[in-house]
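Undergrad: If you're matching them up, the sequences are chains A and B in order. Per our numbering, residue 1194 is the first one in the first sequence, and the count goes up by one each step. Per our numbering, residue 1194 is the first one in the second sequence, and the count goes up by one each step.
Wrong hints could be hidden among the right ones.
Put simply, identical chains are the same to the list, so a pair is met inside one copy or across any two.
The calculated lysine-lysine pairs, modelled on DSSO-like cross-linking and capped at a C-alpha distance of 27 Å, are [said to hold, decoys possible]:
#1 1273 x 1713
#2 1713 x 1668
#3 1273 x 1668
What the hints contain is simulated information worked out from the structure, not anything from laboratory work.
2 protein chains.
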Amino acid sequence: MAETRPDGLEGDGAARMNGAESLVRTLVGGGVEVCFANPGTSEMHFVAALDRVDGMRCVLCLFEGGATGAADGYARMADKPASTLLHLGPGLGNGLANLHNARRARSPVVNIVGEHATYHRAFDAPLTSDIEAIAGAVSAWVRTSPDSRQVAQDGAAAVAAARTAPGQVATLILPADTAWGEGGPVAPVPAAPARAQVDDSRIAAAAAALRSGQPAVLFLGGRAVREEGLRLADRIAAKTGVRLLAQVSNARMERGAGRVPIERLPYPVDQALAALAGTRHLIIVGTTVPVAFFAYPGKPSLLAPADCETSILAEPAEDQLDALRRLADELGADAPSARPALARPVPPTTGGLVPDTIARTLGALLPEGAIVCDESVSTGRTFFPMTQAAAPHDWLQLSGGSIGLGIPMATGAAIACPDRKVVNLQADGSGLYTAQSLWTQARENLDVLTLIWANRSYAILRAELAHVGANPGRKALDMLSLDNPPVDWVALARGYGVEARRVSDLGDFVTVLRAALARKGPFLVEVAL
Amino acid sequence: MAETRPDGLEGDGAARMNGAESLVRTLVGGGVEVCFANPGTSEMHFVAALDRVDGMRCVLCLFEGGATGAADGYARMADKPASTLLHLGPGLGNGLANLHNARRARSPVVNIVGEHATYHRAFDAPLTSDIEAIAGAVSAWVRTSPDSRQVAQDGAAAVAAARTAPGQVATLILPADTAWGEGGPVAPVPAAPARAQVDDSRIAAAAAALRSGQPAVLFLGGRAVREEGLRLADRIAAKTGVRLLAQVSNARMERGAGRVPIERLPYPVDQALAALAGTRHLIIVGTTVPVAFFAYPGKPSLLAPADCETSILAEPAEDQLDALRRLADELGADAPSARPALARPVPPTTGGLVPDTIARTLGALLPEGAIVCDESVSTGRTFFPMTQAAAPHDWLQLSGGSIGLGIPMATGAAIACPDRKVVNLQADGSGLYTAQSLWTQARENLDVLTLIWANRSYAILRAELAHVGANPGRKALDMLSLDNPPVDWVALARGYGVEARRVSDLGDFVTVLRAALARKGPFLVEVAL
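Next comes chain A alone, as it looks inside the complex (with noise of 0.2 Å):
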């Protein structure tokens, strides 16, 4: 039963579809099943496609960065990829900063980027950019289909390039009239492969650095924070004396009461070379060596000490939890440590609003489930030990240290696990660069609270004058102040539809805090430090 369409195809169904239909429907046989999507002109048909096809849902967002940012925030949660739908070159360039934050947090995205037809490139029209260019500045995988019935291909092996271990950032690059024109057949996905596994010689090196005796550190990222590998870490600390250490900002951590407690690199560079010294064997598991977040006049680059010797058991794209069950067997490391469990911190009534009452608050409130989104940036640096006994929760950081991810990975998080409470902390100047991100999660009515440290400056700018030896006069601290005008992040929230208060004495702090645990929904705290 021909019917005739306005896109000019005939078909009958799904037999006859155009490209953007048939990459629709091979996203989800992909297990594609989110579209974080600010979409123009060139993206009508993909829009359009979402009605003809079950099992794809489409979460619009005011801003890209906040689109790829929630891509980012899924994809930690979900551990498979969502998908975006970005405008030309001008939509990726907005969401560039949050997806460089998931390729650093090896997070699977697939972005599909809208592009001119074809034939409409040559014209130089306003819109035309290099997208490839820009695309390839953050993805592992870049393609431009060239033809409609290669639409659906494409879309497989973009799926199958974001699932690629550890997790990569895809993106397909879809002129429009690859999208109107006719499709080929629904592409399926090939599984993904199973992580490598890796050489004996690894287990037996790192075995044998653990037997030296010396001072040694098993430095942890990706999968080796989560609690599972954070086990098999504590059976082999128990056993060798080895400590423990994850890298400064992780994807996703598994922590809080009943699980191995861990400590990260400092961020500070003096406080981070400190952390290492004396180190003489680093033993890498799912993440790299360990180096400075930036250069400073007089300090290294490389944060391990010079004689110390580096060993990688396992890669970030390597089967890191086989490599440590592996050498926990080698080394007969069978038991956990003997650890006193550590208290849950109860919530203080005096000493003020100000980080330490705020942690402890923290330690003592956060629900059992819930993910901590974290971009408290200076404010936070005492959140995360003072939260290690808390209810069993995630703790989710910024990965690639570009601010601006927390408002829409809460965002990302709060799709992927509806059931759980999504907790955004988030330095203020941080969420200015997306706080549009709130208006979705009030359209999605989705169950986040976001707490916004207010202390009205780039705070953390301000110890790196002093780091980098710069020598601020008036307007250079002028340029690290928010305090003029103040920002109502209380009237923000409001404006983008999401319930907000703010508390600037400890008593409201908690009381809010506690209410706003409760209920469910979006909403905002402004906490005046």
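Using the hints provided, position chain B relative to the given structure of chain A.
TA: Then chain B, alone, in the frame of chain A:
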């Protein structure tokens, strides 16, 4: 008198300085007086240098798209570049969309992008990315300074590149050690060369076409749509009957009572084709051949009829006023059109609050010297013709099609022209990309009135869905709706420190607009449509 400085350099004032200071002094010497900044750690030496050098106004932006859009607006009104200060690849990425717009507006802009120290790059720290690749997508000139002593020369080259006619985006990437290391001498910026004059053959070809008696269009952009260019074009039209038509989107038009009125090529493809139908000679001045903004199934990319002869009188980089003057002389076109003065509209009192009555109100009330930053998108289709007889004003449009320029552009225009009223005609969906710039308007107390057209949808995409032949269902239409929840622009503006009002009927709109135009400083009106 040597002094010890915190950067380790010893020197006697300006005779010894670090690379950052040599750059700031070079920029100031080259006439770059404003820096729109969103700095991070790698830019701290540049920021600190601002206190040691007079003559650079540093304007803080909460988001990089605000900085780059402001630089575009500033350049359009000042006819010279401002600088931006951006933090590594992700900061540049956040500014990319409005740099794309600046590129399309042919605005001179000097980007300073901080980068890791040269020796730190190899360690692939989290913020490392391919900055040159990202910059290349929007810049006519890109250079990474290799050495602190080279920075001043590179800065001078960047300014020279930005000032190269018709105006270019130049991006100087500044590794941190080139900022903190010892600088070379301040480098002189060569004077911008005069624009090239066109060959006599171009004048002769245009004159021959105009003498043919066949339907002809003088298609204008660039300097040709400012007051003097339009006056010259009008003399040619009065003599030959050629029709004057401006390109769709213009960086800056000078118009209003006493100036030559001119229509623009319409944006919708069918209207654009109709506007050029029957044209036998298309003579282009200061722009390029008219092409469809997007491709649409079954419609051409080139908008002029197939049998139309196209000739270039003056390229964007060439001297368009000289070319028009010589063409007028060649034709003996020495008198303006006999054209009755247009009557300035009076504010309507009936008809409801709809685009047509808004247009008439704007035509009646725009103050002399107003700078109109128009990102009205679909709401504003009638605003342009109805303001033809308003008091003399400038009209700035979205040149590159990447929405989210309006609020930043208004910010930059107000910095360039502190004695003029800036009126930002702003679609709501577009304004939500970069609303943070309202905070900069408050911080700098800029005389900007923002009028938000609150239709709570991506209205233009509803039309585009039909134009591209896509058949939307409920999910697709939902992706174009911004009404759930409604964005409260009055709350958003207050959140950023800008006073605001909401109006929902015509009488209120006229009253509030009068009052808002009479006051100084930033103000926002949400106009409920």
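Undergrad: For each hint, tell me whether it holds in the structure or not.
TA: Each hint, compared with the structure:
1. When the C-alpha separation of residue 1273 and residue 1713 is checked against a cutoff of 27 Å, the pair qualifies only within one copy, where the shortest distance is 26 Å, while the shortest distance between copies is 52 Å.
2. Only between protomers do residue 1713 and residue 1668 lie at most 27 Å apart by alpha-carbon distance; the minimum there is 25 Å, versus 44 Å within a single protomer.
3. In this homomeric assembly, residue 1273 and residue 1668 come within 27 Å of each other (Cα to Cα) only across copies, at 23 Å, whereas the closest approach inside a single copy is 46 Å.
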